[in-house]
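From first to last, the protein sequence lines are chains X, Y, D and B.
Those letters in the first sequence? Residues 1 to 213, by this note's numbering.
Those letters in the second sequence? Residues 1 to 213, by this note's numbering.
Those letters in the third sequence? Residues 1 to 472, by this note's numbering.
Those letters in the fourth sequence? Residues 1 to 472, by this note's numbering.
Worth flagging that the hints you see were computed from the coordinates, not collected in a lab.
Worth double-checking, as some hints may not be accurate.
Derived DEER-like restraints, expressed as beta-carbon distance ranges [to be verified]:
#1 D:N414 - X:V160: 50 to 60 Å
#2 D:W366 - B:P76: 40 to 50 Å
#3 D:W366 - X:I53: 25 to 35 Å
#4 X:S155 - D:T376: 46 to 56 Å
#5 B:N415 - D:K137: 41 to 51 Å
Quick caveat, the model's predicted, so the values are computed rather than measured.
Just so it is clear, CB atoms sit at the ideal spot from N, CA and C, and this is done for glycine as well.
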Amino acid sequence: MSTRKKITPPKPKATHPTPAAAKPNKASASHPAASAKSSGSTSLSLDEIKSLIALVGKEPFQEFEFEAGDMKFRIRKDSIHAPAPQVTYSSSPTSQPFGQPVSHLMTQAPTVPAPVAYAIPEPSIPGIPMDDPDLHYITSPIVGTFYRAANPKASAFVSVGDKVRPGQTLCIVEAMKLLNEIECDITGEIVKVLVENGQPVEYGERLFQARVG
Amino acid sequence: MSTRKKITPPKPKATHPTPAAAKPNKASASHPAASAKSSGSTSLSLDEIKSLIALVGKEPFQEFEFEAGDMKFRIRKDSIHAPAPQVTYSSSPTSQPFGQPVSHLMTQAPTVPAPVAYAIPEPSIPGIPMDDPDLHYITSPIVGTFYRAANPKASAFVSVGDKVRPGQTLCIVEAMKLLNEIECDITGEIVKVLVENGQPVEYGERLFQARVG
Amino acid sequence: MTAAIKRKTLKVPAAPHAEEPPFKKVLIANRGEIALRVILACKELGIQTVAVYSEADRNSLHVRFADEEVCIGPAPSAKSYLNIPQVIAAAEVTGAEAIHPGYGFLSENAYFVEVCQACGINFIGPNPEIIRKMGNKAQAKATMQAAGIPLMPGSDGLVETVDEALANAEQIGYPVIVKASAGGGGRGMRICNNAEELPELYHTARSEAKIAFGDDAVYMEKYLLEPRHIEVQIMGDLYGNIVHLGERECSIQRRHQKLIEESPSGAITQELRERICAMAVKAARAVGYYNAGTIEFLLDKRGDFFFMEMNTRVQVEHPVTEMVTGIDIVKEQLRIAAGQRLTFTQADVVQRGHAIECRINAEDPWKFTPCPGRITALNFPGGPGIRVDTAMYQDAVIPPTYDSMVAKLIAYGNNRTEALARMRRALDTLVIEGVKTTAPLHRKIMDHPDFISGGFSTKWMETFMAELDAER
Amino acid sequence: MTAAIKRKTLKVPAAPHAEEPPFKKVLIANRGEIALRVILACKELGIQTVAVYSEADRNSLHVRFADEEVCIGPAPSAKSYLNIPQVIAAAEVTGAEAIHPGYGFLSENAYFVEVCQACGINFIGPNPEIIRKMGNKAQAKATMQAAGIPLMPGSDGLVETVDEALANAEQIGYPVIVKASAGGGGRGMRICNNAEELPELYHTARSEAKIAFGDDAVYMEKYLLEPRHIEVQIMGDLYGNIVHLGERECSIQRRHQKLIEESPSGAITQELRERICAMAVKAARAVGYYNAGTIEFLLDKRGDFFFMEMNTRVQVEHPVTEMVTGIDIVKEQLRIAAGQRLTFTQADVVQRGHAIECRINAEDPWKFTPCPGRITALNFPGGPGIRVDTAMYQDAVIPPTYDSMVAKLIAYGNNRTEALARMRRALDTLVIEGVKTTAPLHRKIMDHPDFISGGFSTKWMETFMAELDAER
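Using the sequences provided together with the hints, build the complete structure.
Pasting the structure below:
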């Protein structure tokens, strides 16, 4: 009944998150990466920097640069419509029923765009540094509904802790009645499953977090 | 026919130009005034930096740069309507004819606001440093037409090079048929006459540049 | 080159087939959205404009879009926008032929109009005599009474005995309200529905007044059941032609500050509309009115209406009338002041569809505390049926010195339902960040069953605010 | 929470007295101002909206103001807005009942409509058969000819001899134009006014064609004197009701790209209007048309008009028709698609006043080179009679990937003179910094005597651009 098609997300172009592609486009302060190493009289402590950042955040500045000794940081705020005030929503949409007849149109394979591995920086989670070069995200190359298993009775393709290798099926994204297998593009270990079974996903949405190696 | 009224601009509150009152509102970077005189341990404390940031947030600046010793910081705000594209204009408005009858209403002395000596930074002129503390501007406390002499046949009240003292009449600004004498508020020397005879002036407009002392 | 005469925008060349401009150059003695509104009207008529501004408004849009601009003083209004000699001098040095006062500031200052006249400057509004007469409450009422315009019935001064009270109530008609002369805040105030309860309530009011204010003097007035604020837009020329542009419903107000205005009013029938508008024309005629003006009435639930006051200038809420009639009130003001005849007759005035205006203020939407500051993000709604009158832009600073209006949002539809739907989506797509605004309050009102059904009076906002408080 | 279903604005609660929403949820398969325009219509009707977007449009207003949004691919249209499976999947995962295609992209893609139908999704537009028929030029012309709609007369294919040329010209009527079949750029092209000069010109055209293209095949067509582009807005429901909303004048165009549109057209009399509109309704009826559509005609100086093509979707320039008729075309599209009857009859449609639209593009105003970039300062005009349809905001980035339209500026007035005056002042108070726009070009056109007098044809822009070049 359903045609299967394999989709392999290509290797990411860069392992570092690209801030330009940030979903919440209010790019937060860039990381004071140098601060750890700074020493000498003029540089500030982490707490001091934090208090400065908080202050700058409140002011109507577009840019703030600071340099002292070998310490240096720059803050840039962008744009208007970034901080779309999120209204919490409660009802999760029910996915479409599967029972409808599949028309002849469906036999034509859908055009699946070659996705660029697309990393969205998140608010840094304590313990997991954001720019860990070994962390990798497997994203959805298509819009559809995410399934962890081939059918409701089967077991999940992968779970947290599983070792994975390129070409291995990680999940299914169903769209237009087609079950599209999403394949792994790295060798490594699944750290986190980011989407619930049966949930809709959009293009570029992160499905799994994996540790490369 | 015309009532005379003397208007003495009060002593300026500060001899330094006040960037906040800048006419071209695209205030360029404020003057790093501190840098010249600062000595000793140049860098500021965190509290000092914070107070500067808060201050800059309140002021209508577009940019603020600070440098002292090896400490350096820069703040940039962005504005929209600042750069009103100036269209060059050619015809200068003719001043109103003097011949009209003065009504009884005119005998009421016009309310002349106490002007704050109001300095407008100009694009720096070569040879005259902008922040020369000895330079002072005499501004118009009212809207009207500027005259350098008491009448068309009289000689100018003051010319470039003249020594001036507080209370001395520098010019007349005519408004609503009243000839308002504008008095000097400093002791010094006229460096430049900034307005042509017969030209309209607005509130706060610079009339003379003088060197204090 | 002096700053006074710098030109920031291109001269608007008069289009070959357009009408002759009524004036060559007009000075706008105002700021904010109304100054810009007048500039737009002048531009459409090919009139050169002069903006005056205080130091706080240096970066305002009315300054940017005027052909010339003159700084007339520091931020405080008394030293700038209310400073008559400075405004007149600005008109003189720029050679402006006429001054449009907008609303507020000098717009209803008869003395200012006299100064304009003495200086040979055309004031865009009625003459000083009319402004004086209508500006004085007692004189306005006396004039209207003489002209046969219904006034709010009440005692003629203090009511000193029960018998007097009964006689007055009989004449006014129940229900009546007994009010402390020194009063306020509801104390020393009693509503009486009939002659039976009057004696006791009269005494209670007096003793309460004595305790509260140390003065037991009271007077009486008719008590209106769910009164509505209905006003009629008038335009008259110098040749005695007076035409009304229909009514506006302005009952949604808080402490006598209008929040929402509509035209037409859902509260009145066509018959009542004709009566109230005819009465407004009669009132205007009684004072020989010309230029734009508004007669404000209180309308009782039973269809009785009473003269409140006349505003001798353009109103904040004039756009709703413009939207339903298609008449540009400000352009017409300019033409009238230049001695032109009204460009339309009463028969030409047709109210079509429905318009509603929300005043978006930079205030806390629930507490109404002003919130000046810098606008950090801005999106005004567009699309069909939406008009925005504003002088705001992203990065503009709202100074604490003046009123807190950020924008007037006006929605038009073929009927009230469509206008309301458009206002809702306009509020949903309005983005103002950096300052708090009353937009969320307006959004809530747009969804309230009372507002949707049109069942509200001037007292409604009070009830509504209490409802909101109770919710929290 | 998945990004696909995050809600950014409050649900629009259906107002108690409003009509039942025609759909619960609609997906908009488009971007930019038209996506936002459809969202506004949906909000007014109480319909939930789903925006789809490419990675380049993450920060777009259509994404911000939709109730839900789904990223459907990377920037290139082929991989996102034209990617049918992604669009359909987005409708499926969000449970959208219907898809509005806007204009461009998938709006006239019959296959897409078939996919929608197969997936049980309502396509807001006509059926695939109509779209196919009207999308194929030859088939469209044949259909129209059969229905008795006047087509541009011409030779039936190549003209191989002088005698054939003379016979064709006789049938077409002079003036005629002989055109190289392989041609372009004016070469191998001759205009003939009578039979006398035809033989020589015919031969010249052929030999010129031979030299220029190595092919001397020619065909013939009627030569139109100062043709105007006049189009008629049509709306039809599923029950065979077809109504026209009057005409639009779109002759100001450059390389077949419309720059300025008006309604009504100053070029046609009421008699001609009735004829051309009736013809448009006849054309629509001939194909059993429903939903919104436009029949484009070329109008000759002598009042003859000829069918050019039919657009089976909402047009960029639909606002001018909305302004003069008061009918919300997009809301009507939604109602029709849901199976409702037209809410108005032909008799209800009245063109009132005059509306004009300028398309403001991010292009060099004199060379028309696209100018994508970031908008650093922005002020859209407001006040009476101005409508702005846009998805721009200060700090928005115009990507180089899509079309360069920044905003549609629409001015309405009681007559053309007032509409033009409003457009002038709207352009004078429009501020767009950071990218070049065509606003200065529009401002210049608004002052041109030809434009003011209405004396222009589709060839006018060419002359005007040459004039501008000569000035420099």
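Results for each hint:
1. At about 59 Å, the beta-carbon gap between N414 (chain D) and V160 (chain X) stays in the expected band of 50 to 60 Å.
2. For W366 (chain D) and P76 (chain B), the hinted distance range of 40 to 50 Å is satisfied, since their beta carbons lie about 47 Å from each other.
3. The beta-carbon spacing between W366 (chain D) and I53 (chain X), approximately 31 Å, falls within the hinted interval of 25 to 35 Å.
4. In this structure, S155 (chain X) and T376 (chain D) meet the distance hint of 46 to 56 Å, their C-beta atoms being roughly 51 Å apart.
5. For the pair N415 (chain B) and K137 (chain D), the beta carbons lie near 42 Å from each other, so the given range of 41 to 51 Å is met.
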